[in-house]
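S.K.: One-letter residues, chain by chain:
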Amino acid sequence: MRVGSTMLVRQNLTRKLSRSILLVICIGIAFFVFGVLSSFRAGFEGSEANSERLVVASKIGGNETLPLRYFQQLGGMDEIAEVTHVTRLRAHTAGNERNIIGANAVDAQSYASVYADTYDFNAEIMQAFQADRTATLVGRQLAEREGWAVGDRVNLTSFVHMTQDASRDWSFVIAGLLDGAEPTVDTNFLIVRYDYFNAALLRNQDQVNLFGIKPAVGTDINVLAETIDMTFANSTAQTRTQSETAFMSAFLEQFADVALIVKLIVSVSFGTILLIVANTMIFAIRERTLEIGVLKVLGFSGSSIMRIILTETLVLFAAGLALGFALTAAVIPVLGDALSSVVPDLYLTPKVVATSVGLAVVFAVLTGFLPAIKALRLPVATALNHR
Amino acid sequence: MTISNNSTIELRGVSKSYQRGKSKVPIFDELTMTIEDGDFVAIMGPSGSGKSTILNLIGGIDTIDAGAISVGGTVLGNMNESALTRWRSNHVGFVFQFYNLMPMLSAAENVELPLLLTSLSRSERKKRVETILEIVGLTERARHLPSELSGGQQQRVGIARAVAADPQILLCDEPTGDLDRKSANEILELLQLLNTKLNKTIIMVTHDESSTAYAKRTLFLDKGRFIQQEMNQCA
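Going down the list, the protein sequences come from chains P and G.
Going left to right, the first sequence walks through residues 1 to 387 as full-length UniProt numbering numbers them.
Going left to right, the second sequence walks through residues 1 to 235 as full-length UniProt numbering numbers them.
Once the Cα atoms are required to be at most 20 Å apart in a straight line, the calculated EDC-like pairs of lysine to aspartate or glutamate come out as:
hint: 1; chain 1: G; residue 1: Lys216; chain 2: G; residue 2: Asp37
hint: 2; chain 1: G; residue 1: Lys126; chain 2: G; residue 2: Asp166
hint: 3; chain 1: G; residue 1: Lys22; chain 2: G; residue 2: Asp65
hint: 4; chain 1: G; residue 1: Lys216; chain 2: G; residue 2: Glu174
hint: 5; chain 1: P; residue 1: Lys374; chain 2: G; residue 2: Glu81
hint: 6; chain 1: G; residue 1: Lys126; chain 2: G; residue 2: Glu140
hint: 7; chain 1: G; residue 1: Lys216; chain 2: G; residue 2: Glu36
hint: 8; chain 1: P; residue 1: Lys374; chain 2: G; residue 2: Asp62
hint: 9; chain 1: P; residue 1: Lys16; chain 2: G; residue 2: Glu148
No lab work stands behind these hints, which were simulated from the structure alone.
With the rest of the complex left out, here is chain P (with noise of 0.2 Å):
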């Protein structure tokens, strides 16, 4: 398009400026609720998941336990470079019951070993988490969010976990802080020692919630899933080895199909926003069927007018683009506060950013499409006779 066809498309938008508002408000509202949901959803999901890393679960299910001996035979496969276990503690902090803290017990050296390219386990609290058996490093998030310091002592209540003593109360001093790799991941929960914690157990000594694993480079992670499964398929306690990015899915959908929630959402509003726009265009179009004629007598081609429509939707877009955008910033970070808790990573990713243009592009091109096709196909004659 010539650049002095944009005073033509300024011309149309600018004609009824009201219904022209109206509309990038409806876009901008589209986009607002896609930019927040679909962060929530990969915050929800967790961008720290990796899809080159296995979790090995019970096939029952993610609440099941796995004997801590199977540590040993994973650890002896070639295919595995490192592997580690997690046990959840399943805990909030004492006398606040709805404060669920995301709490795991782990084994030092490998837990470090696995998780070395997502969290920064430097030598220093290495040192000082090893050095106590009450230990805990506490990721740096949720020290901000609790108000916990190095030094602190931090005392738990396990749903489910009870001590010798027969107490359901957990105490662990605060021997570092934890950083994520990357300043995204997510540092909202703690880890201790499961030395200390399975010794300390009432009973279900020696089981684990899952375990990590690094595979060697060149494995082919999928046969090596399979491999895993098959080791175990005739024992007592099954597993389930998937890449840790479906285990989070899967786990998270134990919950909701947080996905499906979100696609369905989405599709709704971008579906009505598709009928308001392309409705409005074409009536828009309608009342300049005249003006077309006119355009036409003057020189101007069907496919040169068409573009201008097509300009027209992809300026409205634009416009509701950048409106959604803004809004989404300004509302994640409140959200994010206060559902740091569920959705510890909420933020505008650059997937949703990326994927959020290619809808808008997408979308201005179906809902110009029949208003600029009918104005390509209009007869000259017939339009100059339209009042």
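Since the structure of chain P is already known, use the hints to place chain G on it.
M.R.: Quick look at chain G alone, frame taken from chain P:
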């Protein structure tokens, strides 16, 4: 502005009819006429006699059922829609009864519209628009929207837009039909000026007999045929 090459308009055995419901209503049957380059022709006739249809056919915005129309040797029937559009932008300017200006564009921007299709630069377009607005006496109103102009001024903008790309032929469909006498005379004087000074070929459809005085000749159309021709002494 330059004086274009010969653009004699020839209609040979032109037939045209419109479909109204199930019946076909004939407009012309084997109509033949020639309009020489630089002519100023007024066409009069009752409503429905086909006056506007003639303009649409010559301007290539409607098609004939039979016969041939040629302009400066170019046979319009041989061109497809996009070729006709290009041809029209180079050779024909239209002036409408109700001006048909773009309501959200200023007078200058309306005049600039056909220039967007040329290879002129922005500054060249601006200069051309200024010149044309000066010719039609609207330099002071260049930034005004059509709604801020009188009917006569809007029609001046319409004429300025029609001649902006320097076409040889001006097709005027009742250009004074919406104007008071004074404004109408000013518009007709302007058209006459374009004909006499710039040698534009002008075909003007009108209901107003006094308007024909500004043309070189008047053709009377009735039931699809030219029934009379008058040469105008005043023109």
